[in-house]
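Mind docking these for me? Both chains are given alone in their own frames, and the hints should help you get the complex.
Spelled out, the chains give:
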Amino acid sequence: MSTLPSTTDTAPPGAATPGTGPGAPPAPDDPASLKVVPARHYARWAAAVAVIVLAAQFVHGLATNPVWEWGVFSDYVLSETIVQAVWVTLQLTAYATVLGFLLGTVLAFMRLSRSPVLQTVAWTYIWIFRSIPMIVQLVFWFNLSALYEELGFGIPFGPVFWSVDSNSIIGTMGAAIIGLMLHQAAYAAEIVRGGVIAVDHGQLEAAAALGIPRLRQIRRIVLPQAMRAILPTAGNEIIGLLKGTSVVYVMSIGELFYQVQVIYGRNGRVIPLLLVATAWYVVLTSLLSVAQYYVERRYARGANRTPPPTPLQRARRFVRTLRAAAAQRNRPVIPLKTPGPLGDSR
Amino acid sequence: MSDVTVAVKDATPTVGDVMVDVHGVHKSFGPLEVLRGVDLQVRAGEVTVILGPSGSGKSTLLRTINHLEKVNRGWISIDGELIGYRRSGSKLHELKEKDVLKQRTHIGFVFQNFNLFPHLTVLENLIEAPVSALRRPRRAAEETARRLLDRVGLADKADAYPRQLSGGQQQRVAIARALALEPKVLLFDEPTSALDPELVGEVLDVIKDLARTGTTMIVVTHEIGFAREVADTVVFMDGGVVVEQGPPAAVLDNPQHERTRAFLSKVL
Chain H
16 MSTLPSTTDT
26 APPGAATPGT
36 GPGAPPAPDD
46 PASLKVVPAR
56 HYARWAAAVA
66 VIVLAAQFVH
76 GLATNPVWEW
86 GVFSDYVLSE
96 TIVQAVWVTL
106 QLTAYATVLG
116 FLLGTVLAFM
126 RLSRSPVLQT
136 VAWTYIWIFR
146 SIPMIVQLVF
156 WFNLSALYEE
166 LGFGIPFGPV
176 FWSVDSNSII
186 GTMGAAIIGL
196 MLHQAAYAAE
206 IVRGGVIAVD
216 HGQLEAAAAL
226 GIPRLRQIRR
236 IVLPQAMRAI
246 LPTAGNEIIG
256 LLKGTSVVYV
266 MSIGELFYQV
276 QVIYGRNGRV
286 IPLLLVATAW
296 YVVLTSLLSV
306 AQYYVERRYA
316 RGANRTPPPT
326 PLQRARRFVR
336 TLRAAAAQRN
346 RPVIPLKTPG
356 PLGDSR
Chain P
9 MSDVTVAVKD
19 ATPTVGDVMV
29 DVHGVHKSFG
39 PLEVLRGVDL
49 QVRAGEVTVI
59 LGPSGSGKST
69 LLRTINHLEK
79 VNRGWISIDG
89 ELIGYRRSGS
99 KLHELKEKDV
109 LKQRTHIGFV
119 FQNFNLFPHL
129 TVLENLIEAP
139 VSALRRPRRA
149 AEETARRLLD
159 RVGLADKADA
169 YPRQLSGGQQ
179 QRVAIARALA
189 LEPKVLLFDE
199 PTSALDPELV
209 GEVLDVIKDL
219 ARTGTTMIVV
229 THEIGFAREV
239 ADTVVFMDGG
249 VVVEQGPPAA
259 VLDNPQHERT
269 RAFLSKVL
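If you're matching them up, the sequences are chains H and P in order. Taking this note's numbering, the leading residue of the first sequence gets 16, the next gets one more, and so forth. Taking this note's numbering, the leading residue of the second sequence gets 9, the next gets one more, and so forth.
Next comes chain P alone, as it looks inside the complex (with noise of 0.2 Å):
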C-alpha cells in the first residue's frame, strides 16, 4: 500500500491511463467476509464487465468504489483521488460526509432498481445533482438534461413521473441522471436485472453507445453476449476475490480456471 496520492487530478485522462485502481480491498458484514483482497484495474475509456454467480461480491466492489460501503482494508483511488480517505504519512484519515458527497459527483451509479425519485418529475430527478451538488445554474442544468433524455430516446418525457414510464424508459432516465453530472466513471450495479426481457435490450443499446463515446464503465452484469460484444475486460469473481481478468475472448471462449468455466458453462 505505498505511493497512493499521485496527484494528477484534473488533469485530463488520456485512453490508457489507470482510472479505477481497486487494491486489497477487504469487506466483512459482520461475521461474513464479501471482500476477500480484490485488485483491479480499470483504465480510462475502457469498458470493465464483471461476471460471477451470486454472492461472489461484485456488487460490493461496485459499492466500495463510490464509497457506499466503507472498505475494511485496502484503499481504491480514481483518476489518483483516493475515495473515502485522505493520507497523510502512513496514516488514512476516513473523509467527512460532505467530502465524500462531493467525489460522488465524480462516479456515476446506475442502480438495478432504477432508484428514481418518484415524486419528481424526469427533468427533475435529471437537474437535482447538478444544480444542488455542483450549483450548476437551473437553466443550463435543464439544457444538458434535455440533451441526455434525448441522447437516451426520451425527449418527450421530460415531465412525465417516474412511474409513468416502463422499467427500461425508468433505466434508461437513472443512466441519463448519472450522466447529468459529467462523471469520470460510471458504475452499473446489474442495470438490466429487475426488468422485462423485452426490454433488457433498449437498456444495453445506450450502454453500449455510451462505450461507444468512450465512457469509462465499471459493469456488473449476468449478460454474457453483452460482455462479449462491449467489453474490453472481463473479469470474473468468486469468493470474494478475482478469479481471472483478460480480453473477452480469452476469459469468455478460454477460461483458465475451473470455477470460471463451471460459472460459464451454466450460464451459456
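In isolation and in its complexed conformation, chain H is listed as follows (with noise of 0.2 Å):
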C-alpha cells in the first residue's frame, strides 16, 4: 500500500526484497519469499465493534434491569403447571401437524390429478381455509355445537342410523386440534404440491415405463425426492404452527401461552411471565429445527457425492485432530522416557 516507498524502481538483480515498490516486478529468482499482506477492512471493523457494544448494553440490560425479576422466571420456567402446559402444546402441535399434512397431502394429489371435479374441491378447500383467520375458525369450531348439534352416519340427504351429541365427542381440545388442521392442511397442500411439481418429470415416466405401480410410484419415487423441497418450507409451518398454538388460548385450553396468562393474571408479574412463555417457545422452535436438520440430511442421500459432515461429526473431528495435534507435540517425549530399543530404532 502507500506506506511503501516508491522511488526503488531498478533494484539491483538478487538484491530485491519483497514489495520493494509498487511498480517493481517481483524478484523472479525467489518467490517464496515474498509476503501477501491480507486487505484491511476498517469499515466491517468499526461495524463489528458498534454491533458488539449494543449487544453488550443489551444483555447488560437483561442481566441488571429489575423488571425481568429473574428470580420469579426461575420459580415459575420449570414449575409443574407450565411443564403441563408445555406438554399441551407439543400435543396440539404434533396432532395438527401430522393430521395437517395427511390432509393436506390427499389435497395436493387431488388438486395434481386428472379429474376437473377432485382438482376444483382442492382448489376450493384451500382458497377458504386460506381465507379465515385461524382465530375466527378457532372460535367457529368452538361453538360447533351450535351449528351442528348432532353428529350422525347415514344417507347422504336421506334418513340417519346413529348420531351422537356434537360436544359429547368433539371436546375443547377436539375442536381446537380440528381447527388447526384444517388451517394447517391448506397450507400443507401447497407445500406438497410444490415439492411434487419440482420432481424432474423423467422420474414418473422412467416409473411409469418399469411398470412400477401407481401408488408405489407416489410413495417410493415421487415422494422422497418432493421431499428435499417441501422440508424447509415445511418446516417453517410446523414451527410457525407451535407458536401458532398459543392463539387457542381463546378457546381456554390450558397450552401454555393460556397458562402464563392465567399466573400473571392472578400474581400480577407480567414480563418473568412473558419471559417464561419465550424461553419454552425458543427451546422447541430450536429442537425443530436440530431436527429438520437431520430429517433434511437423510432426505439429501443421492444428492451430493459426498454428503457433509453434521456439526457433530465437526466436532468430534475437530477435537480428534486437537488430540492428535497434542499426542504430535508429546511424542519426542516417549524415547526420551522410554530409553531402549524402541527408542533407538526411531
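Hints were generated in silico from the structure; no laboratory data involved. Beta carbons are placed, not taken as given, at the ideal position from N, Cα and C, and that holds for glycine. Be aware that one or more of the hints could be misleading.
Anything over 12 Å on all C-beta distances counts as not near chain P; from chain H, calculated [said to hold, decoys possible]: (1) E95; (2) L225; (3) I227; (4) N282.
Computed footprint of chain P on chain H; a stretch qualifies when at least three of its residues, placed anywhere within it, have a C-beta under 8 Å from a C-beta of chain P [what the hints assert, rightly or not]: (5) 236-250; (6) 255-268.
Given below as C-alpha cells:
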C-alpha cells in the first residue's frame, strides 16, 4: 500500500526484497520469499465493534434491569403447571402437524389429479381455509354445537342411522385440533404440491415405463424426492404452527400462553412470565430446527457425491485433530522416557 | 386393421416371428402431426435401428410402442398382445392404467437422460420394478440384479448412488434396470446422445453384447457406425413416416430415396 516507498524502480538483481515498490516486478528468482499482506477492512471492523457494544448493552440490561425479575422466572419456568402447559402445546402441535400434513398431501394429489372435480374441490378448500384467519376459524369450531347439534351417520340427504351430541365427542381440545389441522392442511397442500411438481418429469416416466404400480410410484419415487423441496418450507410451517398454538388460548385450553396469562393475571408478574413462555418457545423451536436439519440430511441421500459432515461429526473431527496435534507434540518425549531398543530404532 | 389379436401369448417366440407390430400409427400433438401412418415389423431376436433427422418422429414412435404416448389412430402389438387397448369386435377399449403398467413390464425402455432414481442406490434402482410390479421375492431380485450389474461391468457399484457414477456408467445401470424385468423387447431412445464422446463406446458395447445374445431391440440413434455393425434392419424416418427400410448395407450404402441420401450425406 501507500506506506511503501515508490522510488526504487530499479532494484539490483538478487537484492530485491518483497514489495520494494508498487511498480517493481517481484524478484523472479525467489518467489517463495514474497509476503502476502491481507487487505484491511476498517469499515467492517468499526461496524463489528458497534454491534458488539449494542449487544453487550442489551445483555447487561437483561442481567441488571430489575423488571425482568429473574427470580420469578426461575420459580415458574420448570413449575408443574408450566411443564404441563408445554406438554399441551406439544400435543396440539403434533396432532395438527401430522393430521394437517396427511390431509394436505391428499389435497395436493387431488389438485394434481386428472379429475376436474377433485381439482376444483381441493382448490376451493385451499382458497377458503387460507382466507379465514385461524383465530376466527377456531372460535367457529368452539361453537360447533351451535352449528351442528348432532353428528350422525346415514344416507346423505336421507335417513340417519346413528348420531351423537357433537359436544360429547368433540371436546374443546378436539375442536382446537380440528381447527389447527384444517388450517394447516390448506398450507400443507400447497407445500406438498410444490415439492411434487419440482420432481423431474423423467422420474415419473421412468417409473411408468418400468410398470411400477401407481401408488408405489408416488410413495417410493415421487415423495422421497419431493421431500427435498418440501422440508425447508414444512419446517417453517411447523415452527409457525408451534407458535400459532398460542392462539388457542381463546378457547381456554391450558396450553403454554394461556397458563402464563392465568398466572400473571393472578400475581401481576407480567414480564417474567412472558419470559417463561418465550424461553419455552425458543427451546422447542430450536429442537425442531435440529430435527429438521437431520431429516433434511436423510432425504438428501444420493443428492451429493459426498454428503457434508454433521456439526456433531465436525466437532468430533475437530477434537480428534486437537488430540492428534497434542500427541504429536508429546511424541518426542516418549523415547526419552523409555530409552531402549524402541527408542533407538526410531 | 383386421385380425389384431392372434393370441400367441406365453408361447416362446422363435427367431423370425413378428415380435413388435406397428400398424398405421398416427399421432398428433395438437395441430402438429408427428406420426402420419407408420408401419413397422420387428422380428424376435433382431435389432432394428431407427435413423432420421430430428423432428422426424422416431422418438415419438418409440414412446408409442410402450404406450408412454397414446396413438390417435392405428395399433401396436407386442408378441401378439395389443398395447394399451383391448379389442372386442370392431371396438378398441382403452385399458386401465393398471393393465397398461402390467404390459410395460414386458417392454424395457432406456431413456436418453437415463432417468435413474437418484435417491436409491444402484441395486435398489434395479430391484424396484421386479419387486413392486412383478412381486418377485427381494432376495431373488437382488441376485438377478447383481448378475446383471456384472454383465454391464458394474458389479462393484451396487451400493453407489447414481450421481456418484459417470454418465456412461449411469446409462449401463439404466440398461441393467430395464433388463431386470426380463422384457420381450428393449427400446432405446438415443441412449448415447447425452454422453461425452469418450463414454459412448462403453454403452454401445453393452448394447452390442445384448444384440449377440438375441435380445429383440429397437434403437433410435445417430450412431451410423453402430447401425452398420449391429442392426439387422435399418429404418429411415422423415416427416412422420418410414421412408425406407432394409438391411444396413442396402439402406446406408445404396439408399433408394432422395431424402435418405440427403440425410446420410450430412451425417456420414
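Which of the listed hints are broken here?
-> 2, 3 and 6
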